[in-house]
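Student: Chains as they are written, first to last, in my numbering: chain A, 1 to 169; chain B, 1 to 656; chain C, 1 to 686.
If you are wondering where the hints come from, they were derived from the structure by calculation, not from laboratory data.
Heads up, some of the hints might be wrong.
Said to hold, decoys possible - Where chain C lies over chain A, by a calculated footprint (3+ residues, C-beta under 8 Å):
hint	stretch
1	25–31
2	73–80
3	89–103
Said to hold, decoys possible - FRET-style restraints, in silico, Cβ to Cβ:
hint	chain 1	residue 1	chain 2	residue 2	range
4	B	Q88	C	G351	36 to 44 Å
5	B	S622	A	D159	39 to 47 Å
6	B	M64	A	I125	53 to 61 Å
7	B	Q627	C	Q373	39 to 47 Å
8	C	R383	B	D639	55 to 63 Å
9	B	D93	C	G351	52 to 60 Å
10	B	D639	C	D398	44 to 52 Å
11	B	Q311	A	D72	56 to 64 Å
Fair warning: this is a prediction, and the values are worked out from it, not measured in the lab.
Quick reminder that beta carbons are idealized off the backbone N, C-alpha and C, glycines included.
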Amino acid sequence: MTERQAPFILFQIADTTYAVHSEAVQQMEMVEHITPVPNAPPFVEGVVLSRGQVIPAINLRTRFGLEKKPYDLRTRLIVVRSGERTVGLIVDSAREFLAIPPEAIQPPPDTASGMSERYLEGIAILDKRLILILNVDAVLSIAPSEELHLAEAIAEVKDALLAEENPPA
Amino acid sequence: MTPASTNVFTEFLDDYFAECDEHLTAMRRNLLTLESLAQQERVDVSLLDELFRSLHTIKGLSGMVGLAEAEQLAHLMESILRALRRHQLDLSDEAVDALILGTRTLEQVIATRQTRQPLPDIAPAIKQLEAITGPLPDLPPSPEETPTAATETRLPLPRESGPPAFTLREGERAWLFQFTPARALAERGISVDSIRTRLQEIGQIVHAAPRIQDGGKVTFEFLVTTDADDSTFTPWQEDGLTWAPYEPPPPTPAATGLKAVPTPSIGPPNVVRVDLTRVDDLMQTIGDLVISRARLEDTLTSLARHVPAAQQRQLQEINQALERQLRSLREGVMRLRMVPLGEIFERMKFVVRDLARERRQEINLALSGQETEIDKLVVERMLDPLLHLVRNAVSHGLEPAEERLAQGKPAEGTIALRAATAGDSVIIEIEDDGRGIDRERVAEQARAQGLLDAEAPLDDPTLLDILCTTGFSTRRQADRASGRGVGLDVVKKTVEELGGSLALDTEVGRGTRFTIRLPLTLAIVDALIVSVGGQRFAVPLPSVREVIEARPKDVTVLGNEDEMLSYHGDVLPLIRLAARFGLQEQFERAFYVLVAAHGAKAAGIVVDRILGQREIVVRAISDPLIQVPGIAGATELGDGRPLLIINPAVLIGSRR
Amino acid sequence: MSIFTRSRKSRNALEQEIARVRSETDQINRTTDEITRITAQITAGLETQINAVEETVSQANEMTASLKETAGQAESIAGSTEELVSSINELAASIEQLTANATDLAAAVNENAAAIQETSASIQSVTATAEEIAASAEQTATSMNEIAASIKSVSDDTDALNVSVDETAASVEELTQSVQSVAEHADDLSTAADQTSSAINEMGASIEEVTAMAESLASAVEQVSSSIEEMARSVAGVAQSAETISEAAEGSATSAAQLDRSIHSVADLARQADEVTKGIARDAQESSATTRQSIEGLLRLRDSMTRSATMIREMGKRAEEIGSIVDTINLIAERTNLLSLNASIEAARAGEAGRGFAVVAEEIRNLADRAAQATADIAAIIRALQEAIQEAVASANDSLRIADEGSRMAEDGVAGLDKIMSGIEKTSELVSHIARATDEQLSAGQNVVSAVNTTARQAKQVTVATAEQTRAAQEIVQSVAQMRKISQQVTQAMNEQSRAARDIIKAAQNTTGLAAQVRQATNEQTKAMSQIAQAVEAMRRSTASTARALEQQSTAVDQISQETERLARLIANVSKAMGEQANAATQITAATENMRRQTDQLARAIQEQSRAAKEMTTAAQNISKQIALITRANREHSTAAAEILTAMSDIRRANDRTALSIEETQRATVNLRERAQAIAAALDRL
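All chains should be built: construct the whole structure from the sequences, respecting the hints.
Tutor: This is the structure in structure tokens:
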């Protein structure tokens, strides 16, 4: 038997599709009842009760240095586990459960900032869709004070991919 | 291995660890007693027996779980004890040391097995033990030494209770035999056991018990039911056996007078061991019940207008009954989780003993309040911090003997470990009579590290804050006692995570005292629900001394913008929760002040409104992202919205 | 001393002793015998005593028995005596009753007698009165006959009177009839004149002057017509004035005809104007109706627009509802998606075992996505629909506003039209009024003409009638010979009337007032006439009734006489009977007296009897009392006897006891003697 197709949860932030390993995901929820925690880092929206557990809810948009967006019907809280920690990630939407064949996954391209390598496990292109596979552990382990300029990193990644597809004449 | 068998095995392992833990605890206690008896001629055999039984059980169980290292250690220690019992060996310091090392190694082996970590090196212990047992032939254990009693003592009859009820078959009579062993008889091969065998041949031993006679002689009583007549055992008179027909005593009324102090039971109490996770599950369910009841009460309140008064009253009564029952259920389950602090204190004895030997210093560990009970989880979490504080007291606190003598102190340093219950809290104190903390040095260091303003004074809370700063150390190099495991920062963090507080008192030349205040239980607590800046918070009731209503005009603002409130003829510094939490106060005319204390320091915490009082189920906040000073956890009132629980002591203790 | 000696010595002493004993024994014996003897005597005495006692007892017993018997008898006597007393009492009571009855009877008899005497006396007085009546009745009869005769003569006189009154009445009636016919004509005339007058009044004739004058004339006529003679005179005047009236009537008829013609021409003109106006009104009405129809159409249009706008809005609301449902569906779809994702996560965690579940979760997610897509499509449609609806609502609102304005303007137009209409209608109405007024004028003119004509005609008839009247008046004058004075007065009055009438004709240029005066005068005349006729009639009636009364009186008198005669006869009979009755009464009185006497005697006798009975009772009571005394005494005797008996038996018992003790004494004595004898015998043996 060849290497199994790893299942992922796909989610969107600012029209970019990301993936997290399904096994890292404890469960997914709609965003309800977030209690703000005073003096917590800005990207921590607050705490939520998830299966009797008090966990932080992180706004990935804020974490990635993007503008906040009001919650809507599609906003999701992805409860992920990272080591001993359980954290909720707020994303624009998450509607897909997808098995990505290993051969479709490639390492993240080298970028100028080198940031993508830090928190991207790899990228996959499926049916012409670009999927960025997020390294949750890495994202969570980065010190709260450190800013993640993901938007810029994404732009870099996309540029890099574009350059690959259309090599300069 | 099939999953099912895995589960069975896992459960068995759990049992194994639990049982080993019990026996190791008993062993530690007994070894310390034994140590005090070293060099003496007579050794209390029962002490040795008990140690032997514990070891024997551990050996057997370890064999069953395939923990050869433990089995080997236990076997060696058993041999030493056997030799001691047979007076083939004197109770020397070396022997005791070897046993203590063996026990500690055994403990480590079992602990690492439990945490699935690499096993420690048992070779040193084996070597030391073998150094004692070496010349001894490794005799197979004789039958009478096989401590079958080890299993029997699992559920022994309390000494005070009489013989059990028994039934006589047709033609049978009950006889009470008494046998007093004597050397002469023993020489003839007549021992308790041979008597027992004889008696078993003629009938059934219903009950057997030793009786201590005047002069320290021990007489054994056997209650035997038999169809043989007394002619059968008439010849046994020569063998020191007396008998009489036995009539069961009339059932004594339950209250034959209160037993003043229960004789400390040497055997384990009549207990059922329950996995803590099951108690946790139960507590969780009770927590859910508490929330459901709170919701029921809310619903009842909103229904009040639509329900006739009579029914309303009835519903209220039911609700109140439910509350009472829930409370007693909760307390019952809480008691299940409660363990005496004595267990943890015993470990400290061990630690202190080791340190004392290592440092060649006489240390007296004064314990008090061992019977104080506290939540099992709290005990577990507090073990390392306490160890740290005790080690700190030894390594940083106590001066070397000559220095002490020079200062007119006794050479023997004293470390006091006290525990007491105060309301819903438990207070643990760790005090040494050592040199105290040199403020100036700490201040200097702190200023050098930018932790303290050049001008700021260094009072006790500030001192504690600095000492608890991660990475702060005044020692050039960490020695064994203080450098290992956790630091003071972890101690403080752990205490605060548990919803408690840590305080420090120190005086140069006189000593240092750490005071830890912990909640009795973590699970459920009565709390005030308050609102600040439109957000609700819960404040555990035990930490609030008083609630007062105040108006802005009652507040005096000092030069440094500190706010004060006149309180019982004194001034009460105010802490504005809204300001601390970056919220906007939303009170009309009057606000409320929760008076709370942290050690000797009292302060008022300003909130907008008091919404009510509720039983809350405390849920810990474990993620570092949301661990904020002053917030002890979160709870939920039944609407799915988390509520943050405030720890007033931390708010008061920490500087702005 | 030897024994022997001693023995001897004692023997002597003994013997001495024995001798003494013996003597004593003897003494005892003797005494005993004595006792025995005495005892025997006592016993004998006792026996005798007992016997005597026994006897006494038996006698006492006997006495007691006889006493008891006596007592029984006495008691029975007492009982029977008591019975006797009670029966005597009863008797006495009955006698007393009887006595009372007798006394009552006597009293009654006495009363009876007195009554009979009174009756008798009254009968006698009646008889006397009857006799007197008889006498007076006879006198009455005689005088009655006289009265009857006188009444008859009066009756005859009255009859004659009656005839003459009748004649007078007939003449008056005739006159009255003629006057009435004049009055009738005058009425007709008056009616015509009234009509004329009222018509001419409208055209502005100066009636008031005439009226004033007529009033003064009226007073004159009144005076005139107060007597028949005045009337006669006036009738001639009437005749003349009637002629004048005729002439005047002719003249007025001519002028009336002229008036009529001119009125006709006015009426024609008015009719023409009316027709034109009506035409205009019709046209205006038609245009108004048309306008109204168009307005109504406009209003209907607006209504339907409002309805459709409401419907569109409703539709908008529905669309919104659908929108919210779509939202809900969306939420469900999202939740389903979420659930399926969670299911997928769990399934993946379960590994191979979760594979099937994962597939299902996938399917569910696909379905949810499809549902989400479908709802998104629906949402888009709904949005488009909502926009369309918004537009529709907007345009509907616009057209509604325009329609509103149009209808408001149309309503203004209708209001203007309405004003025109009402103006035309008012004009038309006025013209109509004019036409109608001229019409009325016309008919009034015609009425005037015809009234004038009628007046003329009536005037002629009046003239004729007046002539007849005159003739009748002449006849009246002639026929009432006995009422000459009155006739003259009438004639005079008639003359005055004529004169007055002439004055009227002279004074008044037209006839109206005059006619009224005439009518009034004739009316009054008629009234007077009828009063006269009534008076005559009354007179006639009273005369007739007097005659009738007289006749009746006469008849009554006759009857009275007859009755009186019969009365006299009866009274005679009564007198006779009364005489007999008086006789009988005297006899009865005598008999009653007799009876009274006897009754008295009876009463007395009974009283005596009663007294005797009372005495008897007293006696019996005495007896009874005495017997009671006897009985008591007897009882006392009896008691005494019993006591005696008791005493006796006591005595006997004492005797018996005595006898017994005596016997014992005897026995003792015997014993004693025997002992004594035994002693003696023993002594002997010594």
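Student: Is the gap between the beta carbons of Q311 (chain B) and D72 (chain A) within 56 to 64 Å?
Tutor: The hinted range 56 to 64 Å is violated for Q311 (chain B) and D72 (chain A), with Cβ atoms some 44 Å apart.
Student: Quick check: does the Cβ-Cβ distance between D639 (chain B) and D398 (chain C) fall within 44 to 52 Å?
Tutor: holds (50 Å)
Student: Falls inside 52 to 60 Å, the C-beta gap from D93 (chain B) to G351 (chain C)?
Tutor: holds (58 Å)
Student: Mind checking, does the stretch 25–31 of chain A have 3 or more residues with a CB under 8 Å from chain C?
Tutor: holds (count 6)
Student: Is it true that the C-beta distance of S622 (chain B) to D159 (chain A) lies inside 39 to 47 Å, as the hint says?
Tutor: Between S622 (chain B) and D159 (chain A), where Cβ atoms are some 40 Å apart, the hint holds.
Student: Given the hint of 36 to 44 Å, is the C-beta distance from Q88 (chain B) to G351 (chain C) inside that range or not?
Tutor: violated (60 Å)
Student: CB of M64 (chain B) to CB of I125 (chain A), is that within 53 to 61 Å?
Tutor: holds (56 Å)
Student: Does the Cβ-Cβ separation between Q627 (chain B) and Q373 (chain C) fall within 39 to 47 Å?
Tutor: Between Q627 (chain B) and Q373 (chain C), where Cβ atoms are some 44 Å apart, the hint holds.
Student: Quick one: are R383 (chain C) and D639 (chain B) within 55 to 63 Å, going by C-beta?
Tutor: violated (35 Å)
Student: Tell me whether the statement that chain C covers the stretch 73–80 of chain A is true, taking a Cβ distance below 8 Å and needing three residues at minimum.
Tutor: holds (count 3)
Student: Is the coverage entry for the stretch 89–103 of chain A by chain C consistent with the three-residue Cβ rule at 8 Å?
Tutor: holds (count 4)
Checked against the numbered hints above, the structure violates hints 4, 8, 11; every other hint is satisfied.
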